[in-house]
Amino acid sequence: MKMGKSVRETFGIALAQLGDTHKDLVVVDADVHNSTRTELFGKKYPDRFFNVGIAESNMVGVAGGLAASGKQAWLSSFAAFIMCNAYDQLRMSVAFPNLNVKVVGTHAGISIGEDGPSQMGIEDVSLACSLPNFTVVVPSDEPCTMKAVEALGALKTPAYLRAGRPNVPILYENGCDFQLGKAIQIRQGTDVTIIANGLMVAPALEAAEKLAASGVQARVLDMHTVKPIDESAVSAAAKETGRIVVAEEHMLHGGLGSVVAMSVVRQHPVPMRFVGVKDTFAESGKPDELLKKYGLTADAIVAAVKDLPKK
Amino acid sequence: MATPRLSVADIQTKAKQLRRDIIECTTAAGSGHPTSSLSATDIVAALYYGGILQYDAKNPHWPQRDRFILSKGHAAPLLYAVMAEVGYFSRDLLPTLRQIGSVLEGHPNMRRLPGVEASTGSLGQGLSIGVGCSLAAKLDGYPTRTYVVTGDGEMAEGQVWEAMMSAEKYKLDNLVCIVDQNGYQQTGATKDVLDLKPLAPRFEAFGWFAQEIDGHDVGQVLAALDKAAATKGRPSAIVARTVKGYPLQQMLASDPNHHGKPLTKDEATQALALLA
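Sequence order for the protein chains is X and U. Just so we're aligned: 272 in numbering that gives the first Met the number 0 is position 273 of the first sequence, and the numbers increase by one with no gaps anywhere. Just so we're aligned: 148 in numbering that gives the first Met the number 0 is position 149 of the second sequence, and the numbers increase by one with no gaps anywhere.
If you are wondering where the hints come from, they were derived from the structure by calculation, not from laboratory data. All values reported here derive from a predicted model rather than from experimental measurement. No residue lacks a Cβ here, since even glycine has one placed at the ideal position from N, Cα and C. One or more of the hints may lead you astray.
Simulated DEER-style distance windows between Cβ atoms [claimed, not checked]:
| # | chain 1 | residue 1 | chain 2 | residue 2 | range |
| --- | --- | --- | --- | --- | --- |
| 1 | X | D19 | U | D139 | 44 to 50 angstroms |
| 2 | X | K22 | U | Q269 | 56 to 62 angstroms |
| 3 | U | Y169 | X | D19 | 22 to 28 angstroms |
| 4 | U | A228 | X | T20 | 32 to 38 angstroms |
| 5 | U | Q63 | X | N132 | 24 to 30 angstroms |
| 6 | X | D306 | U | G29 | 54 to 60 angstroms |
| 7 | X | D19 | U | A228 | 33 to 39 angstroms |
| 8 | U | D191 | X | I53 | 28 to 34 angstroms |
| 9 | X | D306 | U | G100 | 48 to 54 angstroms |
Just chain X, same shape as in the assembly:
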């Protein structure tokens, strides 16, 4: 697979483009715009860009006030800081009043590498999903992120977009058929389904290739929207393949795996396994070393499939 830009870089490019057509779009920053890439918007539209300093709580409240006054407010910081530092503000000043605020958490997951666990948002998806009125999106590659930003721009309600730091392979070279709340079946298969999002979609495909070599045909779903979850794609996966593995670069508690499991249990219970960050903080290191050490690889997905009861 050809390498593409990081999700955060693509987000920055897409946001600056969105500003061309959305004249009411404003961006609030807590002085990390060169990291989150909102600087691309800020340079283009300085009048609509507000850097309130290293003050995430205030950033969220200001975005709420702008949205309450008819703007579409985007705000961005590291996933760990925006979700954990300003959660009450997201709850009270965005989710509860159901305002047109888009929250983008960058540097999510353990793949940020050397900066270490204080900077790694590994609980952000769980926290975002626990906010009523929020849509939660975890795009996997460049074309998917471009479409996701555009789709969120058309949404009038709150949303969280998760954006990783490292460059990621291009999965949708011929364009991404992105629709909010609708999974993309990226590989066909009837023996097992691997449901993944974000950085873990590429390893899921690699795992499917390895499994094919041993005669197991895995379906792969890019579940870019965690909330609302695509109930029908989950139901079809359970009924048609009988076994499911979920892979995410996030804590197992409360992430994609939890959301899918709830849907599976309610609709059509089948054996499941989960690949994600166990109940631990990670550490500093190179992204690839960390993903290997913490079990977020194609091999880990293959092992999870093999751990399932045989059909």
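Add chain U to chain X, keeping to what the hints say.
Frame of chain X; chain U shown alone:
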């Protein structure tokens, strides 16, 4: 539309009515924060009846309206009383305060009650929302002004100071923060819990224009609001010295804080007689 300025005497009469409403609806509900509402009543009466706030109760989403944000959301009975009195909804709703199904929730919910500009109740957030409203008004070129009322205990929240710094950075002379300095908070006197007095010099240190006034002297409140409106290039703070439960402090002398509890029926009868 321009809202007219009533005379000081007429505003005082309105304030008396708001106080009666506050006592009646909290006693009927059997819960709520009447004393926190009473301390801010003259300030809010001056805003709504003093020709300060430009609003249209029949068109609550009028884009150029001024914004009133009650950051100390537990004083919701005061907000509901004034909204009913100026015509956002019928006074008949006031006795439904805090009941299931009522839009008059324990703390203000902007999604259920048009005219409420921010859903508050988690202290410290209103001023940031006010900064956002003020930035939007500047972007749109609207004359809109935003008024935020906070409590003095609330000033312990760090977010308030974050908001102050950003308001100064963006020179938000269309933003006014009024501190209802009633001297009490949930567990006791603010001076014993976390004393931030004197507040006005702290605002000044953050680049704001600050005034300190008697928050029960309607003339002083109006004069301070006029001076804030005439101040250019920086946001304005009004530190209003108030009395919790005003003017029932004699009656409530054994428990001057009387926080988060309604008056009993007997106390309410006595209070309403005082406010007749």
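Results for each hint:
no.	hint	result
1	X:D19 x U:D139: 44 to 50 angstroms	violated (19 angstroms)
2	X:K22 x U:Q269: 56 to 62 angstroms	holds (58 angstroms)
3	U:Y169 x X:D19: 22 to 28 angstroms	holds (24 angstroms)
4	U:A228 x X:T20: 32 to 38 angstroms	holds (37 angstroms)
5	U:Q63 x X:N132: 24 to 30 angstroms	holds (27 angstroms)
6	X:D306 x U:G29: 54 to 60 angstroms	holds (57 angstroms)
7	X:D19 x U:A228: 33 to 39 angstroms	holds (37 angstroms)
8	U:D191 x X:I53: 28 to 34 angstroms	holds (32 angstroms)
9	X:D306 x U:G100: 48 to 54 angstroms	holds (51 angstroms)
When held up to the earlier numbered hints, the structure conflicts with hint 1 and nothing else.
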